[in-house]
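Read top to bottom, the protein sequences are chains A and B.
Using the numbering used here, read the first sequence as starting at 81 and increasing by one per residue.
Using the numbering used here, read the second sequence as starting at 196 and increasing by one per residue.
Honestly, the hints are just simulated from the structure, not real lab data.
There may be inaccurate statements among the hints.
[As the list claims (entries may be wrong)] DSS-like, lysine-lysine: derived pairs with alpha carbons at most 30 Å apart:
#1 Lys453/A with Lys356/B
#2 Lys453/A with Lys346/B
#3 Lys285/B with Lys242/B
#4 Lys253/A with Lys366/A
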Amino acid sequence: MIKSKILGLAVCASLFCGAQAVQARETKSFIISEFYPAMYSEADNCPEGLNPLANEQFRKALELAGRSEEEIKLFLTDLYKNPGAGAATSAVVGPMISERARFEGKAYNPYINPQLVPDPGWKAAVGRYSYGFNLDGRGGDDKASFEDPESHERGVNNQLFRLWGCTQNHIAKLPGEIPNYPSEAWEVVIETMPVWLVSVTGQDLSKDGDVVISVDRGLKHGMRDAHGHMRPDMTYMIDPDPKAHNELRGKIVDGEVRAEGDALFIRGDPFFQPEFNFSKPKIRFKLGHDGKGHGLIGGYMPWLPLYWQHASHQFITEQLRGLDVVGFYNALRRLADYDPDPVTGENRQMSTAWWIEVVPAFAIPYDPELERKASKDQLASTP
Amino acid sequence: MNAPVTPLGITVQEKYYGDQKGMTLYVSDKDVDGKSNCDASCQASWKPVLADKGDKTAGQWSIVKSTAQWVFEEKPVYTFAQDEKIGDIKGNGADGAWHALAYSPEKGIQTPYGVSVVDVPNASAQALVDLRRFSVYALQTRKSVDDLMCKRGAKCSSVWKPVVAGQLANPLGDFTIAKRGDGTLQWAYKGQPLFTYFHDAASGDVRGVDVDPRLHLAIVRTHFMPPSVVIRDAPGVGPILATAKGMSLYLREGYRDTKVGTHYTRAGSRGAPAFGRMLGTAGCDSDCLRERHPLAAPSDARSTGQWSVYTRDDGTKQWAYRGYALYTYVGDKSPGQLSGSNQFQYRYNHTKVTAVDMRLTQALYWHHMYP
Chain A
81 MIKSKILGLA
91 VCASLFCGAQ
101 AVQARETKSF
111 IISEFYPAMY
121 SEADNCPEGL
131 NPLANEQFRK
141 ALELAGRSEE
151 EIKLFLTDLY
161 KNPGAGAATS
171 AVVGPMISER
181 ARFEGKAYNP
191 YINPQLVPDP
201 GWKAAVGRYS
211 YGFNLDGRGG
221 DDKASFEDPE
231 SHERGVNNQL
241 FRLWGCTQNH
251 IAKLPGEIPN
261 YPSEAWEVVI
271 ETMPVWLVSV
281 TGQDLSKDGD
291 VVISVDRGLK
301 HGMRDAHGHM
311 RPDMTYMIDP
321 DPKAHNELRG
331 KIVDGEVRAE
341 GDALFIRGDP
351 FFQPEFNFSK
361 PKIRFKLGHD
371 GKGHGLIGGY
381 MPWLPLYWQH
391 ASHQFITEQL
401 RGLDVVGFYN
411 ALRRLADYDP
421 DPVTGENRQM
431 STAWWIEVVP
441 AFAIPYDPEL
451 ERKASKDQLA
461 STP
Chain B
196 MNAPVTPLGI
206 TVQEKYYGDQ
216 KGMTLYVSDK
226 DVDGKSNCDA
236 SCQASWKPVL
246 ADKGDKTAGQ
256 WSIVKSTAQW
266 VFEEKPVYTF
276 AQDEKIGDIK
286 GNGADGAWHA
296 LAYSPEKGIQ
306 TPYGVSVVDV
316 PNASAQALVD
326 LRRFSVYALQ
336 TRKSVDDLMC
346 KRGAKCSSVW
356 KPVVAGQLAN
366 PLGDFTIAKR
376 GDGTLQWAYK
386 GQPLFTYFHD
396 AASGDVRGVD
406 VDPRLHLAIV
416 RTHFMPPSVV
426 IRDAPGVGPI
436 LATAKGMSLY
446 LREGYRDTKV
456 GTHYTRAGSR
466 GAPAFGRMLG
476 TAGCDSDCLR
486 ERHPLAAPSD
496 ARSTGQWSVY
506 TRDDGTKQWA
516 YRGYALYTYV
526 GDKSPGQLSG
536 SNQFQYRYNH
546 TKVTAVDMRL
556 TQALYWHHMY
566 P
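In isolation and in its complexed conformation, chain B is listed as follows (with noise of 0.2 Å):
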């Protein structure tokens, strides 16, 4: 089991930690050991973020007993009382003391040359990568490994290729090193040697889960994901958003004028959370609601990491994903299917009886959400 990127009610805003709303966490230089320096008069300008009852510790984070405060890498967080809206990070290098919490998946890990850890959204963690950034598998037996470790005559194999560690590495932290059949090594993480896979073909590919039940994608830390969602394959586009039946899970998206290119483009649409969050729930209406359901959020939800709880005007809750509520479409019959996808709203004012004042987008589409 792997430890968890975030706790319960802690978020990830793109570049920084957040709250449950979404507002930036921050870290003061003069809080050491997992104490607070922060008095009453502090605490009117910096909030310490305190865990719900019940909340558990996770991962990098840990909650002071006395104050229920969280803790990050033995550092107390803080929101900024200045801070107006998500993404504002007002208070950073406040007193030359205050930092904003940036989100950096190699925090608190110890990589040799050559691995390093990121975000791999299509397997929603924080896992290994090599040197060109491709996606690292993990060996987690030590039974009928010959073919993949080049033992005792075995033909080698083919499409699972060594994270070769050079012959003068040393051993760092978790990373040990593995001699291999043909007299090479190897790194290996927590004693399991590492793999990247041969049919990967590009950084965050990780075409080489499932295929061979000896390795797994080696993993550092998993982020939040609601128990109703699944990464699956869809035809044509790879991993997306699915909900646990395997049906694609959609996000509503403004157009954007990129003026050479379109959400078409080769590395798909993430979109921009910030649209995502303006928009919130009212990118489907009541008609709209006809073709598109919520994707449902149990009553007492709470957002975690990259995942936002919305409120609809029923009051039932919708799950968001990087700011876009997500929806499945009813057009789609069987699982994979990407009906849903690229339908396009057009937003012109025909008449002259009233103006719209929309610089953001002329019109709004639905796309399939990548993860």
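Bound-form chain A, shown alone (with noise of 0.2 Å):
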């Protein structure tokens, strides 16, 4: 059972009387402290093996695009002599790599024109279990769907597992491992990145029933902890931005906070994903001894902004993240399975599930005179 914090009747008041589906008499707030794929990796995902790293990555980028050995064999070398950023300014590796799209005859930027590249390919993942939602109804039915490994849900949509699968810094057996680059991104994110507040409502949290989710994004970024978690119990002002504020509507069943609702929209941040923007969402979430709770969020979502996560650090993707950004934008057009293009009929949106940490938090309504007072590094977040 929800051990739940009451918070002051004022926030309740301004927040969520609103809600009539529900005669809220309590709000348990909390930010999201963790967030990436929901990955549930095992040894059976990729009988094709991985998807190469770096080295091997360019190694085939290049053959396709026509490169002799010796050219291959400069571009190595000198890509680790020059590491990082460097290398994509390297007369010699950068065009190599950074303008090896074609068209007409002249060079390109690839990740801006990827259809322009061949395509190297993507091993995606295959297997029984993945963490998520039964998104599109079909249920047990839906032979390419998955079986969430903790509800035991069947005909669970989650091409987003199937994309990551077999990537190396995304593999990862949720709750005890973390996906590697994921959790890198959400980390150097969330020092500027407004918070992003659930807020529970409901008669009784201690007790099974109906419950509102809200979903808001705050005004300044989260406070971590002298361990560098994020600080439990800390205040943040809501964005009275309309569009920052969502809904869900759902139960506590046996403890577990469970809601879903048509549209879930978050403003991310460009470096690291510029916007969520959910269709047929779902959230799940349990609360755990130390006031933390686990769960998921999922639902369909436009693959664009999934390739903008990448494409936009363009070589320094390709470099460090190990991963063939021409082959990932094929793959996530590929793997789509929602909302089929009306001329094309080709899908533009992906299932998606993303696990969630939430800490407990205090979210208030907006305060000018507050905010006109705080210190420095409260106002350190300017979305």
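Please dock the two separately framed chains into a single complex, following the hints provided.
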């Protein structure tokens, strides 16, 4: 059962008394402190092996671009003379990879023109289990679906897991292991990105029953504790922008919060992903004895922002994250499973599930006077 | 009434003053006492910058009556024929006598140790700051100031802190020394004792404005701002540009990969004027105009200070600030809303039948405009 912390009635009144379906009497708020693809990697996910790391991937890309063995050797040598960003601007290395797209004999940027580069291929995961939700309602009849390892719900749609399941820096078996690159990216953005707030409102949160889940954006970034974790019980003002507010409806069942809705929009950060625009969103999480909660947010989302997350960093992505952006682009288009384009028939969205950890917090309405007197650190986020 | 930084038609282009088109202004060491020594052959390369009929002198700027040439602090100003675009300074150092006219708020004013003049964008002004570069406020009345000056046993103000002068400090220019009730000395500007505000948390903050009617920001000169524009606070971001009715103003910005950070940086994004100029009014096409309304400028508006006037395809004029054309967003329903901010448009080419040569940016996004 949720051991709820009752916020002041004033907060409740400001935030949730407009919720008609539930006579709000109790609200508990959290910030999302961890957020990354809900990976549940197992040994048999990748019968054809993993997607190649940078060296092999660059070799393949250069072979596909028609480069000679001598050129490829020169490239790989220079790459490690000029690691990181230096390599992208190297006169030798830079153009070979960063301008490998071709159109009418001219060189172009492949990350902006991925269709102008031969598809190097992409290995996607197979398997029985994946975290997630049954988004399309087809249940176990859907042969392309998974079974959730915790809820054992069948018909789970999570193409995001399929997409990343054979890429080394994403492979992880949550909750014990966390995916390397996504967690690293998250740790960077939460330094400046305004927090994502989740508030649960119900008549008695210690019992099963109806709840309303509000997902809001805060006005400042999360505060860390001495261990670098998100500090619990901090107070955050809610962004009054109507676009920053979402409501999902659901229940507490056996102590687990479960809710869903038609849409969920959260602004992110361009370093990571500018926005998370879910269709048919679902959320579930359960609180532990330490007050933190763990669970999932899932739903369909446009694949283009997922592409942005990696294409925007161009060469750096390919070298340091070890993924071929062109292969990734084509995989996104192949694996998208929702929202067909009425003209082309091509799916524009992809089923996803994201692992979340939530930490208790206090969410208060925007107060300009309080903000005016806030300290420099408290004002640090500028969304 | 504070003097303006620039008269109408003189612009500020980041590091240098510019003419109405933004082209860098120059002064010559050979010109003295406001008189030009640039003859006809010299003027083939160095074109005098002339005031329009009816233009008035302002602040550091005057006009030579006989020639109508603008003069900055006794130096007639020119543009250089070989400069091709805004920001060019090809004439800087020519003949050992020509200098690009650098923009410097401290020019023309003497300040004592511990006080300086800087641009304070949040007030659209050049203003005094203390040693930490925090905003300074001037006491503009002699009545009921015991708490501010620690006089007659009053409890000293806990939020207004004096800009302290050393016991051996001497008056300098417009700066004099006021004696406080507790015996300490305090700098005064034009006779008005100077303070900082406790709740200003960083350089550039002007949170003390409108807090106490006795105190005003210590402004030296004011920047031009169109009458249809104000600076107002927006939730979570502080001061932004807005219309006179309070509706947030937006610019269209190109994403730049900063490797470890984004436009959600702690200091906010003020953009790159060159990118704004490159985009011009093309940042919002006919589809976009359904959601974004250009900030209209009068048909006779002139580029001044950091403000430019762009002409849209339909012939209407639009205000631009620091190179960026400005817009309101129809989705904002009330003053202070920022619903139009941080909206992305990805610019990837998904076809095989064309190619996009776009090294500059992969996405355009809308962002509120900081002062």
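Comparing the hints with the structure gives:
1. For the proposed pair Lys453/A and Lys356/B, the alpha carbon gap of about 16 Å is at most 30 Å, so the pair holds.
2. For the hint linking Lys453/A to Lys346/B, the alpha-carbon distance of about 27 Å falls within 30 Å, and the restraint holds.
3. For the proposed pair Lys285/B and Lys242/B, the alpha carbon gap of about 14 Å is at most 30 Å, so the pair holds.
4. Proposed proximity of Lys253/A and Lys366/A is supported: the alpha carbons are some 18 Å apart, at most 30 Å.
Going down the numbered hints, you'll see the structure goes against none, and every one checks out.
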